[in-house]
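Whole structure, please, built from the sequences with the hints as guidance.
So the protein lines, in turn, are chains X and W.
First residue of the first sequence? That's 1143 in the numbering used here, and the numbers climb one at a time after it.
First residue of the second sequence? That's 9 in the numbering used here, and the numbers climb one at a time after it.
The hints are simulated quantities; they were obtained by calculation from the structure and are not laboratory data.
Check each hint, because a few of them may be wrong.
[To be verified] For lysine-lysine, the following DSBU-like pairs were computed, each having C-alpha atoms within a straight-line distance of at most 30 Å: (1) X:K1562 <-> X:K1542; (2) X:K1343 <-> X:K1609; (3) W:K165 <-> W:K248; (4) X:K1429 <-> X:K1166; (5) W:K332 <-> X:K1343; (6) W:K269 <-> X:K1343; (7) W:K332 <-> W:K269; (8) W:K154 <-> W:K165; (9) X:K1456 <-> X:K1166; (10) W:K357 <-> X:K1343; (11) W:K357 <-> X:K1166; (12) W:K165 <-> W:K127.
[Unchecked claim] Residues of chain X clear of chain W, computed beta-carbon distances all greater than 10 Å: (13) R1279; (14) P1379; (15) I1550; (16) A1582.
Because the structure is a prediction, the values reported are computed rather than measured.
The beta-carbon is built from N, C-alpha and C at its ideal position, and this holds for glycine as well.
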Amino acid sequence: MCGIAGVFALRADLKPMHKSVVEKLNGWQQHRGPDGEGLWSSDDDAVVFGHRRLAIIDTGFSGAQPMSDVSGRWKITYNGEIYNYRSLRAELERLGCRFRTNSDTEVLIAVVAQWGADGLKRVRGMFAFALYDALQRELWLARDPNGIKPLYVSYADGLVWFASQARALADCAPVDTRREAAALTGFYLWGHVPEPFSWWKDIVMLPPGSVQRIRVGRPLAAPQIFYSIPEAYVAEPPRPIVHSELREVMLSSVRHHLVADIPVGIFLSAGIDSNVIAALAAEVGAKLQTVTLAFDEYKGTPNDEAPLAEAAAKILGSEHATVRIGRDDFEESLDHFLRHMDQPSLDGLNTYLVSRAASSQGLKVALSGLGGDELFGGYPSFRQVPLLEILGQTIPAPRKLGAFIRPIIHSVMPRSVSPKISGLLQYSESIGSAYFLRRAVYIAEELDDLLDASWIEEGLDKLATVKSLMQSIEPIRKQHGSRHAQTSALESCWYMRNQLLHDADWAGMAHGVEIRVPYVDTAVLDHLAPALNSRIPPSKADLAACAVKLPPEMLKRRKTGFVTPVREWTARESGPSDRGLRGWADAVHRYYRTNTPSSLPLAMPLAVGAMS
Amino acid sequence: MNVLMLLSDGFGALGGMSKFNRDFLQALDASATINRVHAVPRVIPDSINESLPESVVYDRRAARGKIAFVRRAAAHAWYDSRIELVVCGHVHLLPVAYFIARHRNACLSLIIHGVEAWKPTGSRLTNRLARSIDRLIAVSELSTEKFCEWSRLPAAKAFVLPNCVDLDRFIPQPRDTALVRRYGLASSRVIMTLGRLESRERYKGFDEVLEAMPALVARFPDLKYLIVGDGEDSERLHNKADQLGIHDRVVFAGRIPENEKVRHYNLADAYVMPSMGEGFGIVLIEAAACGIPVIGSNADGSREALLQGRLGRLIDPRDAQQLKDAIAETLAAGAPRVRNEAIETFGTKEFRARVDGWLHGQLGHCRPGRRSTKSPELDIGHGRLANLAGGPH
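Here you go:
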């Protein structure tokens, strides 16, 4: 896991001496990769790559980036991990490919050189990369199917800028940094800036599972999808999964995610997801190092995660650390936390704090249970969203009727009740709108009071929220996939991608910790999809049963949610009278409104090492 | 802090007051103490073609009429229990602002500009309420003094916040050839005044400059007087130019779009405004920012805009000879157009810093209402977050 950046000139007459800007981008992203720095530019200066390295596989000099292949035709700057690189390498070697390093980076180049964009389907892992083909004078930008790793791009004045963090581009590159209306509106609707938008107008996120090939002298080609998550849900006919298969799939995923040349830790809470990962990791023979985040406020209460996590760690024989934090820690780290956020987000504090805890234990890599709820129906949305859609189908014209009665209900409703309740009927029209209502911080009808019409009109128009939600699960609906599968896909492609994975990236990187997510894996999804779409989708109980090393009663009494006092802490920062995280939304926005990128130096740029 | 601002006009409007209101809203937006501003405008004459500051919600429905304005203002007061500061952007709106502020136990701050607040208004209610406001923002010392005098508001409650000018946009430029052609100014020396031509506002001194013209033309045969602006007094001024026999020497440009303003200033060799009733005179600093020599009045707020003479030449507007001499000397000197560094005083950055300072400083001690001394002091921002954000930018 690292930080990548660079620039590519689309026209031959643009010979930018943009090395210094890429150097700046490297400096900005230093916290993403404190182990090394690299800078490379092509002979004609048409392309410059930068790289900050967090060394995990082939940690020596040979793994440094930007890296070329043996032939020298390809050059890559890449952020991520390829978990099946060894088997891919063996296969490529059989085909005659030669390698000079032991890194996954070189394998990734060979995959593309050998199989083209289709080869990326075979890659198991998380990645975002820029690859330059000197022969064709072509730039490849690509991102993993789940969108675990970010890749922000800006196309301006014949130049293509890219970086791992949007704010790095906003701060260093000559791009339009006016506010994006869709980002501002989206932030209040969702609590995060939804992809493909970024907080800044001219910076966008490359779509997940896509490759964009850009050639000198050719018009800009759109990104091409090589793997679509919703399509994976209906690639095969529905079929329940048997216990032994599920266990095998999860074991394989955990085994793959443990690939590293340095120790891999595990974020261990009291929840099923992380316990199963720890138990399976113990089973495959990994030397376990687990970290639990606990809060002073909850000491001695049923909400305290520490005792349960410690008990599990003891059974699994793990080297365990419980890191306790209190409100003071939170307040002290608030500035650092907000500065590393990249773009406004309502969440991420848990991940931020547990990453810091892992870092303090000397860990650079940790497995997380992120994504378990999306696959095993862990959220209330799996019950509520289908129910709401069914309600909407029993009433004629629910949206119109709902729009009519919403203000009436709203005006008589006590203030202690969520304003979203009044929108129940209006948002029951489709599974997309029902899902939005479940996840929304504010519904569109409430925005009038928060943002000026000039932002809302443009923002809502660009976001086209419900339409986009429905479009994202269109492949599943076309094949009459189950509501459970649709909800799972919505959770994976929206909340998980835009909120959880985005937060996991910056929050982990703020402490130089790579967060690996065994539940968010295309191989796991390919195996589970027929079951998710079946009448008996796998449940948390099925998942818990995979952890044979832990006594069943231990996993039974575990709660599923991860309770933290974060809400109370943030409420103090944002004012007491606000509902839920709404006040915190104002506070985060205030911070991002009044701090320009340049006023927030993240890291002092170092002298550039000549690694290329 | 959540703010409710009642204003005459701001976005989608021309003129000095709306400009000040826009700048003020921008400055609130740039301050980390401000959470959100609900702005309720009395009118929106033109369409709004820009994105507003992110924290400002501009209530377009309020501009539909008097009743709509009061209704919307009341709605904000009724529903938004978190209003901590009410800003009244015009003295005529004070009664509405007053009742909202007292209803919400919020700090009430009035903004005054010039003549509209130099004397008691026509409304007895407004005049009575004027002394009960919590804070006063005035564009100049002069306006402050005059207002405090009649309203008996303690001067300690007042804060002078001079107008500002966008120093990145108002810059010295060569004459725009298209405009030179449009007005027939080739090989002419040009003096210029910009302002509304209204009989009510006859204090701007168009008459005085016109009267000086015959003598000046005699000395500078290539001289032209460029009057930029429109209004119902236009016809009278046309006639006056005719009577003075200088109609070919006076160019009436009419009302110009905002984006042509800088190019118009840059046509002038001198900006002249012998006014009698300017609260501040924003045009003076705009001209100065463009590097135009400025001649202004020592009898009103212009004196402060011209920094007591550091930013331009001060004359007594009632003294015709002094005016003629000042113009003649400026034209004769023909100094190269260089921006005076003192203009930085009126930069947008300074303006925002002043507003931020006011929010942090003076307003921080505001105890809403005269009698409600027991109410807690205004809490600026919440928790540590308020202190984290950097200064204005």
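So, going through the hints one by one against the coordinates:
The straight-line distance between the Cα atoms of K1562 (chain X) and K1542 (chain X) is roughly 16 Å, inside the 30 Å bound, and the hint therefore holds. For the suggested pair K1343 (chain X) and K1609 (chain X), the alpha carbons sit about 22 Å apart, so the restraint of at most 30 Å is met. This hinted pair does not check out: K165 (chain W) and K248 (chain W) have alpha carbons roughly 45 Å apart, beyond 30 Å. At roughly 39 Å between alpha-carbon atoms, K1429 (chain X) and K1166 (chain X) are farther apart than 30 Å, so this suggested pair is violated.
At most 30 Å may separate the alpha-carbon atoms for a hinted pair to count; K332 (chain W) and K1343 (chain X) exceed this at roughly 53 Å. The hinted pair formed by K269 (chain W) and K1343 (chain X) meets the criterion: a straight-line CA distance of about 28 Å does not exceed 30 Å. Between the alpha carbons of K332 (chain W) and K269 (chain W) the distance comes to roughly 26 Å, so the proposed pair stays at or under 30 Å and holds. About 14 Å separates the Cα atoms of K154 (chain W) and K165 (chain W), which keeps this hinted pair within 30 Å; it holds.
Simply put, K1456 (chain X) and K1166 (chain X) have alpha-carbon atoms about 46 Å apart, too far for the 30 Å limit, and the pair is violated. Between K357 (chain W) and K1343 (chain X), the direct Cα distance comes to roughly 24 Å. Compliance with the 30 Å bound is thereby established for this hinted pair. Of the pairs offered as hints, the one joining K357 (chain W) and K1166 (chain X) holds, with about 27 Å between alpha carbons and a cut-off of 30 Å not exceeded. A distance of roughly 18 Å separates the Cα atoms of K165 (chain W) and K127 (chain W); the hinted pair therefore holds under the 30 Å criterion.
At the 10 Å boundary, the C-beta of R1279 (chain X) stays outside the reach of chain W, the nearest C-beta of that chain being 39 Å off. For P1379 (chain X), the non-interface assignment is confirmed: its Cβ lies about 49 Å from the closest Cβ of chain W, beyond the 10 Å cut-off. For I1550 (chain X), the shortest C-beta to C-beta distance to chain W comes to about 16 Å, beyond the 10 Å cut-off, and the non-interface label holds. The claim that A1582 (chain X) is not at the interface with chain W holds, since no C-beta of that chain comes within 10 Å of its own (minimum 19 Å).
Of the hints listed earlier, those the structure fails to meet are numbers 3, 4, 5, 9, in rising order.
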